[in-house]
Amino acid sequence: MRDQQLIDLFLEMILTERAASLNTIDSYSRDLLQFIESVPRLSNNTFQYALRDDLKKYLILLNKNNFAASTASRKLSCLRQIFKFLYAEGIRNDNPALGLESPAIGRPLPKILSEKQVSKLLDAAEARAKETLHLFDLRLLALIELLYATGLRVSELVSLPRASFRSAEPYIYIRGKGDKERLVPLSVRSQRAVEGYLNVMVSAKDAKGNEKYSQKQKKWLFPSTGKLGHLTRHRFAQLLKGLGVKVGIMSSCLSPHVLRHAFATHLLSNGADLRAVQKMLGHVDISTTQIYTHVLEERLKSLVQNKHPLVK
Numbered sequence: 001m002r003d004q005q006l007i008d009l010f011l012e013m014i015l016t017e018r019a020a021s022l023n024t025i026d027s028y029s030r031d032l033l034q035f036i037e038s039v040p041r042l043s044n045n046t047f048q049y050a051l052r053d054d055l056k057k058y059l060i061l062l063n064k065n066n067f068a069a070s071t072a073s074r075k076l077s078c079l080r081q082i083f084k085f086l087y088a089e090g091i092r093n094d095n096p097a098l099g100l101e102s103p104a105i106g107r108p109l110p111k112i113l114s115e116k117q118v119s120k121l122l123d124a125a126e127a128r129a130k131e132t133l134h135l136f137d138l139r140l141l142a143l144i145e146l147l148y149a150t151g152l153r154v155s156e157l158v159s160l161p162r163a164s165f166r167s168a169e170p171y172i173y174i175r176g177k178g179d180k181e182r183l184v185p186l187s188v189r190s191q192r193a194v195e196g197y198l199n200v201m202v203s204a205k206d207a208k209g210n211e212k213y214s215q216k217q218k219k220w221l222f223p224s225t226g227k228l229g230h231l232t233r234h235r236f237a238q239l240l241k242g243l244g245v246k247v248g249i250m251s252s253c254l255s256p257h258v259l260r261h262a263f264a265t266h267l268l269s270n271g272a273d274l275r276a277v278q279k280m281l282g283h284v285d286i287s288t289t290q291i292y293t294h295v296l297e298e299r300l301k302s303l304v305q306n307k308h309p310l311v312k
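The numbering used here puts the sequence shown at residues 1 to 312.
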């Protein structure tokens, strides 16, 4: 079979069997097509006849083109998966990626905001929303409050169904990676912000006096007139960075993902259990959550210095 047919089969498998997101599908597709371009001698037959040396040369090429080790490692992971799939399906009688070492990468600490910076951000969003009572200002306040209260992934946040939020319940239903469900508790502030936004959103009118959002769009908590029907990740990131600049936070230091990191870091620094944070973040493996253990280490040092009876 030709390359595109094999790619389609592989992507169909991870979509149906692993419930991969569309973002994952797009990312895998780009990585696989890039690998094909690196082995022109195997035109249209790359995945059926690629050798171990072809994969090694591809990794060398990525390094020469200054791809980060983490990016190269991700691309290799994608190749490992498709060759494992082809071997399991009997399309190949070997797996050229087996035992191939990933580029050595360090694990950088996530960018985080201080509690003071987050407070300034929230206060600014609240002040603007109270001043204008404009739908989009109320929406931005609800988004930021909800993100900092729950630590949701930005893709989970912007695509929340309207039914996931219930005013009488102090938690929100999340369907995350791998189609797994979880409940995340809400703060009083975030509940209040979302309720205030919804009160205006449901009756919002456009410039002609018609309902701003169709019934189909209103199935989303954060609807949009765009083709997705809900707010995009990119647009939310733009709005967040714009607000951050106004309170003195550089745009390069602020993103929805940074607020997710802040959520986890601030919980741990104030005594939360690592397992509880893992569940709220939706991490399958606690090793993913352990990137925040630098916070725990600092807190333990502080406890010993300030609380141990023999330390003066």
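Hints are not guaranteed to be accurate.
The calculated label-pair distances, taken between Cβ atoms and stated as ranges, are [what the hints assert, rightly or not]:
| no. | residue 1 | residue 2 | range |
| --- | --- | --- | --- |
| 1 | 98 | 171 | 41 to 51 Å |
| 2 | 171 | 136 | 44 to 54 Å |
| 3 | 183 | 37 | 37 to 47 Å |
| 4 | 235 | 25 | 42 to 52 Å |
| 5 | 279 | 166 | 16 to 26 Å |
| 6 | 227 | 41 | 18 to 28 Å |
| 7 | 1 | 203 | 50 to 60 Å |
| 8 | 234 | 25 | 17 to 27 Å |
| 9 | 24 | 272 | 41 to 51 Å |
The list that follows gives simulated cross-link-like pairs (lysine-lysine, PhoX-like), each with its CA atoms no further than 20 Å apart [to be verified]:
| no. | residue 1 | residue 2 |
| --- | --- | --- |
| 10 | 120 | 216 |
| 11 | 279 | 177 |
| 12 | 130 | 120 |
| 13 | 208 | 218 |
| 14 | 116 | 218 |
| 15 | 216 | 205 |
| 16 | 205 | 218 |
| 17 | 180 | 212 |
| 18 | 212 | 227 |
| 19 | 130 | 246 |
| 20 | 205 | 116 |
| 21 | 208 | 120 |
| 22 | 205 | 219 |
Keep in mind the hints are simulated off the structure, nothing from the lab. What you are looking at is a predicted structure, and each value in this text was computed from that prediction instead of being measured. Yeah, the Cβ is synthetic: ideal placement off N, Cα and C, and Gly gets one too.
How the hints compare with the structure:
Remark: the range hint 41 to 51 Å for residue 98 to residue 171 is upheld by a beta-carbon distance near 44 Å. Against the hinted window of 44 to 54 Å, the Cβ-Cβ separation of residue 171 and residue 136 comes to about 26 Å, which falls outside the hint. As the Cβ distance of residue 183 to residue 37 is approximately 44 Å, the hint placing it in 37 to 47 Å holds. The hinted window of 42 to 52 Å between residue 235 and residue 25 is violated, with their beta carbons roughly 22 Å apart.
Distance hint check: the CB atoms of residue 279 and residue 166 are about 20 Å apart, consistent with the given range 16 to 26 Å. Between residue 227 and residue 41 the CB atoms are about 40 Å apart, so this pair departs from the stated range of 18 to 28 Å. For the pair residue 1 and residue 203, the supplied restraint of 50 to 60 Å holds, since their beta-carbon distance comes to about 55 Å. Our hint of 17 to 27 Å for residue 234 and residue 25 holds, since their Cβ atoms are close to 18 Å apart.
Distance hint for residue 24 and residue 272: a CB-CB separation of about 29 Å, inconsistent with the stated range 41 to 51 Å. Proximity of residue 120 to residue 216 is assessed by CA-CA distance (about 36 Å); at most 20 Å being required, the pair is judged violated. Distance restraint check for residue 279 and residue 177: the Cα-Cα separation of roughly 13 Å lies within the 20 Å cut-off, and the hinted pair is therefore satisfied. Straight-line distance between C-alpha atoms of residue 130 and residue 120 comes to about 15 Å, which keeps the hinted pair within the 20 Å bound.
Using a Cα cut-off of 20 Å, the hinted pair residue 208 and residue 218 holds, with the two alpha carbons roughly 19 Å apart. Of the pairs offered as hints, the one joining residue 116 and residue 218 is violated, with about 35 Å between alpha carbons and a cut-off of 20 Å exceeded. Taking the CA atoms of residue 216 and residue 205, the gap is about 16 Å. The hint holds against a cut of 20 Å. Note on residue 205 and residue 218: the hinted pairing holds, with a Cα-Cα distance of about 13 Å set against a maximum of 20 Å.
A threshold of 20 Å between alpha carbons decides the hint, and for residue 180 with residue 212 the separation of about 32 Å lies outside it, so the pair is violated. Taken as a hint, the residue 212 and residue 227 pair is honoured in the structure, with Cα atoms around 14 Å apart against an allowance of 20 Å. A hinted pair counts as satisfied when its Cα atoms are at most 20 Å apart, and residue 130 with residue 246 qualifies at roughly 17 Å. Taking the CA atoms of residue 205 and residue 116, the gap is near 37 Å; set against the 20 Å cutoff, the hint is violated.
With a C-alpha separation of about 36 Å, the suggested pairing of residue 208 with residue 120 is violated against the 20 Å cut-off. Our distance criterion of 20 Å between C-alpha atoms is met by residue 205 and residue 219, whose separation comes to about 17 Å.
Taken one by one, the earlier hints fail for this structure at numbers 2, 4, 6, 9, 10, 14, 17, 20 and 21, listed in ascending order.
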